[in-house]
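Protein chains: 2
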Amino acid sequence: MRIAVDAMGGDYAPEEIIKGTMMAAKSSPDVQLILVGQKERIQTFLSGGTLPGNVSIYEASEVIEMDEHPANAVRKKKDSSIVVATRLVKQGEADAVVSAGSTGAQMAAALLGLGRIKGIERPAIVTILPTPEGGKLILDVGANMDATPEQLCQYGMMGSVYATKILGIQNPRVGLLNVGSEEGKGNELTQKAYPLLKASPVNFIGNVEGRDVPYGRADVVVCEGFAGNILLKTAEGLAGVLFQQIKEKITSNMVRKLGALAVKPGLKEIARMMDYAEYGGAPLLGVNGISIICHGSSKAKAIFNAIRVARECVQVNLIEQIREDLPK
Amino acid sequence: MRIAVDAMGGDYAPEEIIKGTMMAAKSSPDVQLILVGQKERIQTFLSGGTLPGNVSIYEASEVIEMDEHPANAVRKKKDSSIVVATRLVKQGEADAVVSAGSTGAQMAAALLGLGRIKGIERPAIVTILPTPEGGKLILDVGANMDATPEQLCQYGMMGSVYATKILGIQNPRVGLLNVGSEEGKGNELTQKAYPLLKASPVNFIGNVEGRDVPYGRADVVVCEGFAGNILLKTAEGLAGVLFQQIKEKITSNMVRKLGALAVKPGLKEIARMMDYAEYGGAPLLGVNGISIICHGSSKAKAIFNAIRVARECVQVNLIEQIREDLPK
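In the order they appear, the protein sequences are chains A and B. full-length UniProt numbering puts the first residue of the first sequence at 1, with every later residue one more than the last. full-length UniProt numbering puts the first residue of the second sequence at 1, with every later residue one more than the last.
Calculated directly from the structure, the hints in this document are not laboratory data.
The list that follows gives simulated cross-link-like pairs (lysine-lysine, BS3-like), each with its CA atoms no further than 27 Å apart:
| # | chain 1 | residue 1 | chain 2 | residue 2 |
| --- | --- | --- | --- | --- |
| 1 | B | Lys19 | B | Lys90 |
| 2 | B | Lys249 | A | Lys247 |
| 3 | A | Lys247 | A | Lys268 |
| 4 | A | Lys301 | B | Lys249 |
| 5 | A | Lys247 | B | Lys257 |
| 6 | B | Lys118 | B | Lys192 |
| 7 | A | Lys78 | B | Lys185 |
| 8 | A | Lys185 | B | Lys78 |
| 9 | B | Lys301 | B | Lys268 |
| 10 | B | Lys249 | A | Lys257 |
Pairwise CB distance ranges (calculated):
| # | chain 1 | residue 1 | chain 2 | residue 2 | range |
| --- | --- | --- | --- | --- | --- |
| 11 | B | Lys264 | A | Lys192 | 40 to 50 Å |
| 12 | B | Pro265 | A | Asp275 | 26 to 36 Å |
| 13 | B | Glu188 | A | Leu112 | 20 to 30 Å |
| 14 | A | Met254 | B | Arg323 | 53 to 63 Å |
One side of the interface only, derived from the structure: several residues of chain B facing chain A at Cβ under 10 Å:
| # | residue |
| --- | --- |
| 15 | Asp146 |
| 16 | Thr251 |
| 17 | Ala262 |
The beta-carbon is built from N, C-alpha and C at its ideal position, and this holds for glycine as well.
Build the full structure now, drawing on both the sequences and the hints.
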């Protein structure tokens with residue numbers, strides 16, 4: 001198996017991307033890893049200047065920055081790391097691509113380079129939200145701002161396949177993100193999506209509200225990209241604020257500082273539970289090839305885990321599984 | 001000043017509503033409080049069976065339950081506590097109404113009973129999100145699922161007035177809830193609302209993302225009801241999960257339990273900072289009268305604070321202030 005890694009994408013590229021790739025190379029000697037990017041720059045970050053036997057570098061001279069217009073950049077920079085890495089998948093020279101770069105550019109590269117799975121109108125960006133009940137799937141979190149009810153229904157189906165095959169959840173509970181629990185609640189989109197999901201083969205448990213999601217009450221949360229993005233980032237922001245506050249308030253005097261030492265391992269358990277890096281990344285679902293999207297601020301551990309996710313997606317033949325589950 | 005309190009609305013009605021009203025009666029002897037609801041039921045909760053001089057009971061024989069269709073219930077149950085309390089405001093027998101009952105019913109009663117402020121197309125449900133930088137306004141959190149760009153702009157204006165007059169924030173920063181920070185990001189609605197807010201007299205700081213909101217980076221967050229509801233409830237749910245986890249993990253063995261005793265006051269400071277009950281409630285902005293919406297699970301403290309908010313809204317003549325600030 002060969003996995004292409006976008007060495008130039010992400011806040012900590014290329015250093016942390018290379019580190020994560022090396023970790024993966026060590027733990028999975030059977031996987032061939034291809035670092036795609038500016039060869040000279042990558043080489044300066046190699047310890048000892050040599051590569052393990054299962055890692056190679058594939059030259060791509062350009063880099064797409066986070067602030068560029070995604071579709072324009074992908075069309076213009078044909079030798080950028082994400083475009084080249086995606087092309088390797090298209091040409092069968094890699095089985096998957098992993099990137100922590102601009103999500104928009106990765107999506108544009110995948111749509112142009114790999115196309116959509118037949119029957120899927122729009123791809124969805126998946127994220128795994130950590131909860132005390134394990135990681136739960138949220139999709140879409142920003143690929144598509146104007147989803148139709150039919151597209152939401154397709155998200156439910158693709159999410160179900162992913163939750164079953166990759167997260168190992170049997171008969172995953174699919175919930176529709178909404179403002180109330182009863183059928184008939186919501187905006188026009190969710191009102192129309194509800195009966196479609198109900199009639200679909202997924203294990204639809206009805207509407208879920210924002211407050212249900214962090215408790216893990218659905219395994220797959222279906223939503224259009226705007227609301228999904230708000231949910232995800234609000235959760236991220238609130239967790240950040242709370243941990244910052246806790247750190248401050250439990251060390252504000254001598255007695256508390258001593259207590260903090262004793263409870264610290266417990267708080268670390270929670271921080272680990274909430275850490276997206278444990279999940280690494282998730283595929284852009286609906287495109288005709290495996291393209292794993294990582295958080296922009298991914299460090300080595302996240303990249304290591306994202307490569308693991310890519311490997312699992314290839315192993316279970318995710319694209320074929322989705323294709324098989326689509327209504328004929 | 002006279003404030004009508006819906007004694008029958010809320011998860012802990014009438015007991016906690018009555019308790020909160022009594023607290024307010026004691027701290028504000030100059031305010032006349034009218035408990036609206038089933039007289040006999042209310043009387044069973046009065047300690048000693050007597051009322052303070054500034055509290056009275058106004059009979060309303062019916063109750064609207066949380067699961068009833070709001071508009072239908074309001075039309076049918078003309079003698080329900082929320083309809084009667086709102087009518088007191090309409091007839092000038094009360095200056096404001098406070099309720100923890102069905103938000104939908106309260107909104108329907110206000111729209112039918114009080115009408116809209118001229119120039120405001122749709123009212124917005126406001127909520128105050130606690131942040132380390134103080135309470136921040138989010139609107140709309142669920143009144144209107146199909147807002148137009150013009151309506152979002154009106155929310156920004158009304159929110160500014162409220163933040164200035166009631167929260168005491170000078171020149172409040174108004175942010176548009178969106179999926180990215182740059183102009184041009186988002187769905188059709190936010191793309192069109194951006195230039196309108198930019199051209200409006202409010203202190204518009206541009207787009208804010210979900211992760212900015214809990215940090216308090218905008219004083220007034222403008223959004224349509226669906227996204228606002230998701231934001232609010234996700235924050236509620238995540239805070240709930242995290243505090244539950246903290247409680248569990250910092251007391252899971254003897255050493256941690258001792259440490260927990262020392263850090264508890266610090267955690268309580270955070271819990272107090274995050275407690276919506278400190279803010280009590282917020283008005284349904286845009287209707288032609290003061291109608292304060294409280295959280296359904298409000299207890300006495302929240303009701304007490306909501307009555308304080310009602311009093312302040314009347315004192316500053318909020319409706320007139322909004323009217324004056326509307327473009328002529």
